[in-house]
Every structure is written in C-alpha cells, then in structure tokens.
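Put together the whole structure using the sequences plus the hints.
Take -6 as the starting number for the sequence shown in the working numbering and just add one per residue.
Check the hints yourself; a few may be wrong.
[To be verified] Derived pair list, reagent style DSBU-like, types lysine-lysine, alpha-carbon separation capped at 35 Å: (1) Lys29 x Lys7; (2) Lys29 x Lys55; (3) Lys103 x Lys166; (4) Lys55 x Lys7; (5) Lys140 x Lys163; (6) Lys7 x Lys103; (7) Lys140 x Lys103; (8) Lys57 x Lys139; (9) Lys29 x Lys57; (10) Lys103 x Lys57; (11) Lys166 x Lys139; (12) Lys139 x Lys163; (13) Lys153 x Lys166.
Everything labelled a hint here was simulated from the structure, so no lab data went into it.
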Amino acid sequence: PRNSFLHAVLDTGKGIPITLSVVLLETGRRLGLPMKGVALPGHFIVSATDGEESLLLDPFNKGKVITEDDCARIVGDLTGGSFDRGMLGEVSNRQILTRMLQNLKGIYFKSSELDRALRVIERLRLLHPESAGELRDYGLVSFSLKKFGQAVNSLEAYLKQVPDAIDSEKVRKVINESRQRHSLLN
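As structure tokens, this is what we get:
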C-alpha cells in the first residue's frame, strides 16, 4: 500500500505507475507544462505536449519516452488485451483518484485488511455516490466486520437501486443473517 500513498512515494521515490504519474503531472502543472494522465489498462502514463508534438512518458520506467507501439505492447503484456488508440485519452483528476482508490481497495481485500478496505470504499462512495457496486461492497465488508446495521442499510439500498442484480439472492441471505446477528447483539 505504501507505493499507493503520495507522501510515501515522495519520501522514497518508489511507487506504482499511477502515483509516479501523479507526481510528474503535478510537477508539470506547477511548471506550466501541458500534461495529462493516460489510463492504459494495467498501466498509467503521462502525455506531454509542447504545442505541436505530443510525447508519451512512462514515469514507472524513469520517464522514458514511449511510442504507441510501446503502449500496445504494454497493454498486451499486462492484460492480454489489444490496444486501441482511444486508450490514450485524457483522464480527469476524479478518474485518477478513483483508480488509485480502486488499487488500494484491491490491495486491502487481497491482504484481508477489511477495516482499511471499508475506509477506502467510503471514499469511493463519496466520489461516486451513484455506484451500486460500491454500495454492495460497503455492505458486504460491513457484514464481515460485524457492523450488521450498517450492512443491512447498505445492502437494502443496493437491492433497491439494482433490484434484478445477478447477486441479489446472495445479498438477501446476507441481509437476513445480518438482521439475525444484529438482534442477538441487542
């Protein structure tokens, strides 16, 4: 997780592609250089423009200038998917922050640090209050952390938002179990 936190990246000089890109983007912004974040599948790079020419920079590889062919190879190597020139479009600060938080969420799920995952999901819900998936994840993680009232509220709201969800049967079971466990606590 440290490589996902900007303060740690600034202290150590080590980070994942997106955090190193954010450092480059902010440095460029402060210098008045036109740069934008580019969210390739599985990797993050920066596009810099000097008025006429655009350069693609890979901060994860020491700021190396890369080509569209390099991007296609990166995407293919990391995801097995094919590259489309549309992948070089600019992403917003909100999209960058969302991707950073999604990375952290995945790290915390993988390491079973559910209390931290829940805090990340709270931030994702602030960025995307309409996201049914984050609402569901919030409820399921709350259940795992024995926050049963919170789980019921979130999961009911999820089913109200997506009544025909593919996982609706599983979610209803978790709601019922949450209610039973919550009543035992009272």
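Do the hints match the structure? See the list:
| no. | hint | verdict |
| --- | --- | --- |
| 1 | Lys29 x Lys7 | holds, 21 Å |
| 2 | Lys29 x Lys55 | holds, 17 Å |
| 3 | Lys103 x Lys166 | holds, 24 Å |
| 4 | Lys55 x Lys7 | holds, 11 Å |
| 5 | Lys140 x Lys163 | holds, 18 Å |
| 6 | Lys7 x Lys103 | holds, 21 Å |
| 7 | Lys140 x Lys103 | holds, 20 Å |
| 8 | Lys57 x Lys139 | violated, 47 Å |
| 9 | Lys29 x Lys57 | holds, 16 Å |
| 10 | Lys103 x Lys57 | holds, 31 Å |
| 11 | Lys166 x Lys139 | holds, 15 Å |
| 12 | Lys139 x Lys163 | holds, 17 Å |
| 13 | Lys153 x Lys166 | holds, 15 Å |
Hint check: a violation occurs at hint 8 only; the rest are consistent with the structure.
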